[in-house]
Amino acid sequence: MKQFAALVLAGAALSIVSIPAVAQDKPTAEVMHWWTSGGEAAAIKEFAKAYDAAGGVWKDTATALGENSRAAAINRMVGGNPPAAAQFNTGKQFDDLVAQGLVRSIDDLSKEEGWQAVMPPFLYDAASRDGKLYALPINVHGQNWMFYSKKVLSDSGVESLPTGWDALVPALEKIRAAGFIPLAQGGQPWQERLLFSAILLGKGGKDLYFKIYRDHDAEAAQSDEFRGVVEAFGALRGFVDQGSPGRNWNDATALVLQDKAGMQLMGDWAVGEFRTAGKVADKDYGCSIGLKGDTLIVGGDVFVFPKTGDEAQVKAQNLLAKTMLDPATQVKFNLAKGSMPIRNDVDTGEFNACAQKGMALLKDKDSQVPVVDIIMSASLLGALDDVLTQYWHNPSASADDVVEGFVSAFELEE
Amino acid sequence: MTTRPRRLRMATFVVLPAWALVLAAYVGTMVWTMQISFTDSKLLPVDTYVGFDQYERLFSSTRWLVSLQNVAIFGVLFIAGSLVVGFLLAVALDQHVRFENTLRTIFLYPYAMSFIVTGLIWQWLMNPGLGIQKAVQNWGWESFRFDWAVNREMAIYAVVIAGIWQASGLVMALMLAGLRGIDADLWKATRIEGIPPWRVYLFIIVPMLRPLIITAVVLLSIGVVKAFDLVVALTSGGPGIASEVPAKFIMDYLFTRQNIGLATAAATVMLITVASVLTPWLYFEYFRKARPRGAA
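From first to last, the protein sequence lines are chains A and B. In this text, residue positions in the first sequence follow the working numbering: the first is 1, and each later residue adds one. In this text, residue positions in the second sequence follow the working numbering: the first is 1, and each later residue adds one.
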């Protein structure tokens with residue numbers, strides 16, 4: 001059956017992708033990724049430029065949407081015609097590929113270059129299996145940023161962003177009374193999860209965050225602390241506008257940057273929207289990590305290097321990995337991408353005020369936690385998303401529904 | 001007498017590639033799907049069998065149950081609505097109105113659009129901040145509310161409206177073809193008898209159009225089972241999980257949630273449901289009639 005599967009997938013892959021003959025002495029690397037939007041494309045171009053400058057030949061295979069790109073990469077790996085490198089999100093997405101021996105370990109490179117010492121430990125671990133590095137983390141995305149409009153807050157008589165989730169409610173009420181949308185929220189499950197994770201970390205604390213997300217601890221889910229987190233999340237339900245359900249994240253960001261809405265919790269990719277609109281960090285808009293600003297939820301992107309018997313291909317992969325992690329390239333890439341460098345030893349002078357706050361936290365391993373995608377299977381995550389989104393969109397749902405939903409999801413997935 | 005078997009053999013031989021294709025492409029993949037549904041495959045298919053575990057998980061998932069309920073609501077209302085609207089449009093056009101060609105094109109036009117485009121158009125129309133609600137409120141009817149797409153209770157009906165808008169043109173075209181095929185003498189006869197037109201339509205014409213109605217129902221049912229892109233574009237299953245459908249459940253678990261075991265279990269349940277609903281009915285409609293006609 002497996003051979004048949006391989007055959008079918010290989011056929012599918014062959015029919016989609018034509019294989020150009022490679023017959024140069026320069027190391028040629030075909031890189032599959034899904035960075036097709038403006039800022040993203042500019043970012044990947046920095047990698048391509050650096051790789052060409054380092055003496056290689058960069059072949060770009062961009063596919064819009066992560067799912068599509070990953071599916072194409074997996075098909076080609078299974079079919080025996082892998083690219084030199086393929087983009088994945090940090091986390092469990094490539095677990096099966098490692099288990100099936102389709103991905104090459106880059107531990108030797110890491111030892112040689114001393115990457116472990118300069119990378120955020122959670123992200124390094126998330127890219128490793130059995131203590132060996134299997135994927136190359138290339139950037140850090142903070143995912144619990146609260147972006148707020150300074151104008152809306154001051155017009156509503158809110159002096160500064162509250163530092164606790166319970167204190168946020170009266171502030172949001174003031175904003176509403178002043179005629180603004182208090183919370184710019186895109187009503188899609190992943191955005192609701194982002195907000196919930198931020199509250200779980202900010203109000204529940206790091207311990208509870210790990211107990212729920214990593215240990216799937218049913219007892220913790222039934223605790224009063226967790227119930228409090230759920231209630232704090234639920235208390236925000238009434239502060240969104242009517243157009244919120246189904247809204248895209250960038251449309252929600254637009255509400256904040258046009259001073260129509262007070263605040264939005266989002267990942268730091270939103271900074272790109274502010275920058276495009278000509279807004280300046282800490283002047284037009286404020287940014288805070290969580291509400292307290294003490295712990296950053298980190299995630300990011302990685303590249304995996306498919307296993308190959310071809311010596312030239314291995315060489316190309318090695319050069320590619322080293323080029324991507326080169327400090328100067330890291331700065332250029334991440335400036336364009338709006339993310340933070342994966343290495344904490346690069347020159348941070350050019351980054352904006354928000355990124356500076358994030359990078360300060362990245363230096364200390366106690367002030368960061370991994371994003372939930374890293375420590376939880378996609379399947380369980382999806383089940384929890386279903387629970388949270390039902391709660392968020394139903395004003396009469398109670399915290400008990402969420403507790404029960406979490407406990408039964410934990411049981412089913414074990 | 002001796003040539004007949006040989007000709008048969010030749011025919012069989014010619015049809016063989018088609019049969020092989022059908023077996024491999026349809027039956028083969030179906031069997032493979034069912035096989036995977038009994039394993040605990042995650043991102044890639046594996047051979048660890050877990051019995052009916054995936055089915056147990058499937059039916060303990062609220063989202064799956066909501067999806068089934070939604071597809072039933074959507075199916076009944078969408079098929080019934082499209083048939084009624086399509087038939088009425090056809091009857092209206094059959095009165096030999098002026099600009100019939102233009103009108104026919106306009107009504108059929110939505111069907112030429114993909115569900116994705118349909119979904120997007122209606123998403124804008126039903127968005128309370130941009131669409132119909134906003135427009136009517138701006139005209140001065142301040143209390144006007146049309147927020148179905150973002151209302152938990154009504155979201156699935158918003159999907160139904162968009163679906164009917166798209167599909168009724170097709171039904172109209174089918175019905176119109178049928179109406180044009182009806183003998184003019186029949187109309188003359190009913191006029192002499194003094195039967196009001198609505199009764200003629202309801203009790204004489206509709207039964208005559210039966211084969212066309214069946215064709216329309218089959219076409220629309222396929223749309224119901226496949227309903228995915230319309231929902232994704234219009235509500236993306238929301239608010240919450242209020243307008244989820246089985247096809248979207250399957251796609252989510254197949255691709256983003258990396259649980260092809262559960263996804264294939266859901267696909268198998270859909271296959272069995274469709275087969276057990278449609279097969280007896282189709283059999284009844286086509287084969288039961290074929291026999292007496294063949295005998296006569």
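One should not assume that every hint holds.
Said to hold, decoys possible - Derived EDC-like pairs: lysine to aspartate or glutamate, alpha-carbon spacing no greater than 20 Å straight-line:
no., chain 1, residue 1, chain 2, residue 2
1, A, K206, A, D125
2, A, K365, A, D207
3, A, K292, A, E219
4, B, K134, A, D130
5, A, K206, A, E219
6, B, K42, A, E413
7, B, K134, A, D241
8, B, K42, A, D95
9, B, K42, A, D241
10, A, K132, A, D107
11, B, K42, A, E67
12, A, K174, A, E159
13, B, K42, A, E411
14, A, K211, A, E67
To be verified - Across the chosen pairs, the derived CB separations fall in these ranges:
no., chain 1, residue 1, chain 2, residue 2, range
15, B, S60, A, E173, 55 to 61 Å
16, A, D294, B, Y49, 44 to 50 Å
17, B, Q137, A, W190, 52 to 58 Å
18, B, E100, A, E173, 48 to 54 Å
Source of the hints: derived by calculation from the structure; they are not laboratory data. These figures come from a predicted structure and were not determined experimentally. For every residue, glycine included, the Cβ atom is placed at its ideal position computed from N, Cα and C.
Here's how the hints hold up against the structure:
1. Of the pairs offered as hints, the one joining K206/A and D125/A holds, with about 18 Å between alpha carbons and a cut-off of 20 Å not exceeded.
2. Between K365/A and D207/A the CA atoms are separated by roughly 15 Å; this keeps the pair inside 20 Å, and the hint holds.
3. Between the alpha carbons of K292/A and E219/A the distance comes to roughly 27 Å, so the proposed pair goes past 20 Å and is violated.
4. Taking the CA atoms of K134/B and D130/A, the gap is about 57 Å. The hint is violated against a cut of 20 Å.
5. As the CA atoms of K206/A and E219/A are separated by approximately 16 Å, the hinted pair is consistent with the 20 Å bound.
6. The straight-line distance between the Cα atoms of K42/B and E413/A is roughly 12 Å, inside the 20 Å bound, and the hint therefore holds.
7. Of the supplied pair hints, the one linking K134/B and D241/A holds, its CA atoms being roughly 14 Å apart against a limit of 20 Å.
8. Annotation: proposed proximity of K42/B to D95/A holds, straight-line Cα distance about 10 Å (limit 20 Å).
9. The hinted pair formed by K42/B and D241/A fails the criterion: a straight-line CA distance of about 38 Å is larger than 20 Å.
10. Note on K132/A and D107/A: the hinted pairing holds, with a Cα-Cα distance of about 5 Å set against a maximum of 20 Å.
11. For the given pair, K42/B sits about 15 Å from E67/A by alpha-carbon distance, which is consistent with the 20 Å threshold.
12. Restraint check for K174/A and E159/A: satisfied, since their Cα atoms lie roughly 11 Å apart, inside the 20 Å limit.
13. Among the hinted pairs, K42/B with E411/A is consistent with the structure: their alpha-carbon atoms are about 17 Å apart, no more than 20 Å.
14. At most 20 Å may separate the alpha-carbon atoms for a hinted pair to count; K211/A and E67/A exceed this at roughly 29 Å.
15. Hint check: S60/B to E173/A, Cβ distance near 39 Å, so the stated range 55 to 61 Å is violated.
16. Hint check: D294/A to Y49/B, Cβ distance near 48 Å, so the stated range 44 to 50 Å holds.
17. A hinted range of 52 to 58 Å is violated for the C-beta pair Q137/B and W190/A, which are about 31 Å apart.
18. For the pair E100/B and E173/A, the beta carbons lie near 59 Å from each other, so the given range of 48 to 54 Å is not met.
Of the numbered hints given earlier, the model fails hints 3, 4, 9, 14, 15, 17, 18; all others are met.
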